[in-house]
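Taking the hints into account, I'd like the entire structure generated from these sequences.
Now for the letters of each chain:
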Amino acid sequence: MKLELRGITKRFGSLVANDAISLTVQPGEIVSLLGENGAGKSTLMNVLYGLYQADAGQILVDDQEANFKGPGDAMAAGIGMVHQHFMLIPVFTVAENVALGHEPTKFAGQIDLSEARARVKEISDQFGFNVDPDALVRDLPVGVQQRVEIIKALSRNAKTLVLDEPTAVLTPQETDELMTIMKQLAAAGTSIIFITHKLREVKAVADRIVVIRLGKVVGEAKPSAPASELASLMVGREVDLSVERSKKAPGEVVLSLSNISVRDDRGQLAVDSLSVEVRAGEVLAIAGVQGNGQTELAEAIVGLRKLEKGSGEIKFKGENIEHKSVRHRLDDFLSYVPEDRKKDGLISEFTLEENIMLNQSYDDDRGAEFVNRGLINTKVLEAEAEKVIKEFDVRTQGSKSLAGQLSGGNQQKLVLAREMSRPHDVLLVSQPTRGVDVGSIEFIHDQIMQERDDQQTAVILISTELDEVLALADRIAVMYRGRIVGIVSADATRETLGKMMAGIAA
Amino acid sequence: MTEKSKFQSVVREIMATSITRVVLSILLGFFFGGIFMVLFNENVVATYGNFFSAPGDTFLAAFNTIVDGYGALLRGAIFNPEGRDLVAMFRPITETLRMAAPLVMAGLGLALGFRVGLFNIGGTGQIVMGLAGATWVATRMELPPIIHMIVAVIAAVVCAAAWGAFAGFLKARTGAHEVIVTIMMNYIALDFFTWMLRTKGLLLAATGGGTPKSDPPAATAMLPTLFGDMYKIHIGIFIAIAATFAYWLLMERSAIGYRFRMVGHNANAARAAGIKVESTFVWAMAVSAAFIGLAAANQALSNPGGITTSLNADIGFDAITVALLGGNSAKRIAAAGLLFGAFKAGSPAMQVVGVSPEILGVVQALIVLFIAAPPLIKAMLRLPEPALEQKVVA
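Protein chains in written order, with this note's numbering: chain A, 1430 to 1935; chain B, 818 to 1211.
Derived from the structure by calculation, the hints contain no laboratory data.
Some hints could be false.
When the alpha-carbon atoms are kept at most 20 angstroms apart in a straight line, the in silico EDC-like pairs for lysine to aspartate or glutamate are as follows [as the list claims (entries may be wrong)]: (1) Lys1753/A <-> Glu1095/B; (2) Lys1829/A <-> Asp1854/A; (3) Lys1772/A <-> Glu1095/B; (4) Lys1093/B <-> Asp1794/A; (5) Lys1627/A <-> Glu1458/A; (6) Lys1771/A <-> Glu830/B; (7) Lys1632/A <-> Glu1594/A; (8) Lys1049/B <-> Glu859/B; (9) Lys1746/A <-> Glu1811/A; (10) Lys1808/A <-> Asp902/B; (11) Lys1030/B <-> Asp1008/B; (12) Lys1093/B <-> Asp1694/A.
Ranges between beta-carbon positions, derived for each pair [as the list claims (entries may be wrong)]: (13) Ile997/B <-> Gln1697/A: 50 to 58 angstroms; (14) Gly1739/A <-> Phe1009/B: 44 to 52 angstroms; (15) Ser826/B <-> Asn1749/A: 39 to 47 angstroms; (16) Pro1500/A <-> Leu844/B: 32 to 40 angstroms; (17) Ile1005/B <-> Glu1544/A: 53 to 61 angstroms.
Ideal Cβ positions, reconstructed from N, Cα and C, are used throughout, including at glycine.
Rendered as structure tokens:
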């Protein structure tokens, strides 16, 4: 199927989210839509999928003008969409999810799943998806759930698949598997629109790259184009993806964990007798595949999760702090950037200003004086908010706008701004660049290095992104099943780290 | 970790209804109320028989009924040009203010709870506990004027707050849903109050026979009237105004209110920011109920006849409608209290012109329904949220 978008324009109030965007996708072609968060990629795809109506422009399917009033029309025309957040019902089986919405029925309204089951099996076998039609979706790993979404689309005869940031939730291995699948699908004639901001993936899989910035197509590139060129196109200025780091000896031990054990929400031991220490002016990276206890480790350091009774200690500059409350840890020495910023790091319904004082709302908190005799000092707060918004380059309409309206990268910069601008000795950052655009990644990495070099902060960086770990860390501790497999220096190779991430000690 | 429930987000969305939609809902409420009026009015019903021969009669009768009905409401609630003298002409507005005061106070309390994500249905129980406290002080203690009144008000606030805090404690400690807890505690409070009113030496009137009724409050504890015997209106309206200001200061300007809102919006982020979410629930319930305690004091200390069980408890429910209509803004809550206060003040006048005052109950319910329905329907149909992020300048 040949798909053509011609001069698509979509406005929200005074904002032009898509400005006369044109895009053609040939049958069996993988087109990458590359752009920063907020560039207008998702809006464009929502227009294509019938969720939004374009203010101007046309959609042509096989040179015939199409008019999508809703996702139903788009699906009928052969367009399938895999959203960043899966639209699956966890307690249903794969086949039930695939049948959902067009359930074939037998006598007296019984649902006939045999067809759906056969279809899942057929598609799964054809592309080597390895998906069991009768498995419950909630029991499947994220990567497999994504394949279920793809099967769902294919089972409705999708000829063009739109994948919206598909790798954001995947491990490196799962990402590789997805790339293979995409290539197979394309070889079988399916067109793919691949929305992302990860340059490595674009280069690996795309036939053609279309770069969008501020609602406009700013250029096309071949995958052979150097990453820095793509990044510059995306951001609209020169981007330096390498991180500058000075060689220096780290200072004293600031935070030490010895023998700590923590259970997860289901009562399983998620961190198992783990010991590690971090020094002033050093970046310690905790690498590993997601779900090996990193989240629980971070929560234990912050105090959100209790240590297993009788297990180990956490010391800050020699003083035991495992009994201290979250508030006191944050106030005494710790800045914390949680991995899920929307859930734990900020309050979407609050203004930027209000988010700046999230953990400084008590009279006696260290640092900025936002609260005076129980009342919020709006002038001080506004001034501080304006200052850090500028300093951390948070792109916003103003400090009074809501945090939920920021793009992902800007939300992350807001959280970093808050945490880095209040007094701290230890910076715990979890997945600092997940779902963040290239321009912001560069900035965030620079900020973390400044913490290390200028502030002499002890930085703990929890990340599943190997590139990030290799670029920033002085030492890399690889976590596997709640334990640290080994700690290596920053010049370790990808292969070594990959093996360690699979649990094999170096 | 507590996740934001769908229930909470629906309540929150109702509270965030825009002022335009609120005004529209009120107008629609009156419109449909008018239709009800017409449908069941005797004069109009009498014209149905010859509707086809003389439809004009029906429409005329319908029109007259609506004009009469709402005209009476205005006369009963704002200004009565037919009054015997100036005092009588202005009486309606003073009655509206008097009726509005407790609704505003209790409405503020419930709205506060809603904003912290606590759907406090326990207004009734909290008001009853406040009544018990205030009545006990007002009938069983002897204190100098003013001081007696202040002590009685404090007693009402403390009793109500303690009752609310206990509900918050049960939620925080056991994870029980506050709706269930507060509803059950309503029954306990009502029975407890009845028992006190029945028991000699507690609240039962000295002259009282079999009926559970208290003595009238001591004159020293009564809220002073503003115009002597001319009008019934008393200083309660000023307490309500002060409460509105206090609510605004607490929720919009203070660090405590900030933390309340924080927990209400996103308990996870609050916890990660070092807030003790569970104890915030307890405190928020206490403060929410404290406002309701003010309403209780207002009722207990303004009724010269003595308190009975049946009296006043419904304010706890009326306040829910006030809070939903008022949403997140103190000013709007005060306005909603005034509106429903006017309904209460105006209903006798409607009865006089032959329109059943229950119509006002219908109007009140319709207004809330129009405000609450869109978020509810959206939640039931699981319509997707409009994507915020896409509307933002990069």
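TODO: With a cut-off of 20 angstroms on the C-alpha distance, tell me whether Lys1093/B and Asp1694/A pass.
DONE: This hinted pair holds, its Cα atoms lying about 19 angstroms apart.
Task: 39 to 47 angstroms as the expected CB spacing between Asn1749/A and Ser826/B, which holds or is violated - done: holds, 40 angstroms
Open item on the list: Just to be careful, I want the Cα atoms of Lys1030/B and Asp1008/B compared with a cutoff of 20 angstroms; is the pair within it?
Closed with: OK: Lys1030/B and Asp1008/B at ~14 angstroms, within 20 angstroms.
- [ ] Compare the distance between the alpha carbons of Lys1093/B and Asp1794/A with 20 angstroms, and conclude whether the hinted pair is satisfied.
- [x] Holds: Lys1093/B and Asp1794/A sit about 15 angstroms apart, inside 20 angstroms.
- [ ] Starting from Lys1753/A, check that the Cα of Glu1095/B is at most 20 angstroms away, please.
- [x] holds, 17 angstroms
- [ ] With a cut-off of 20 angstroms on the C-alpha distance, tell me whether Lys1627/A and Glu1458/A pass.
- [x] holds, 19 angstroms
TODO: Compare the distance between the alpha carbons of Lys1829/A and Asp1854/A with 20 angstroms, and conclude whether the hinted pair is satisfied.
DONE: Violated, at roughly 30 angstroms.
TODO: Sort out whether Asp902/B lies within 20 angstroms of Lys1808/A, counting only the CA atoms.
DONE: violated, 53 angstroms
Task: Assessment of proposed distance window 32 to 40 angstroms (beta carbons of Pro1500/A, Leu844/B) - done: holds, 36 angstroms
- [ ] Assess, step by step, whether the Cα of Lys1632/A is no farther than 20 angstroms from the Cα of Glu1594/A, and give holds or violated.
- [x] holds, 15 angstroms
- [ ] Confirm or reject the claim that Gly1739/A and Phe1009/B have a C-beta distance inside 44 to 52 angstroms.
- [x] holds, 46 angstroms
- [ ] Determine whether the Cβ-Cβ distance between Ile1005/B and Glu1544/A falls within the hinted range of 53 to 61 angstroms.
- [x] holds, 57 angstroms
Hint check: violations occur at hints 2, 8, 9, 10, 13; the rest are consistent with the structure.
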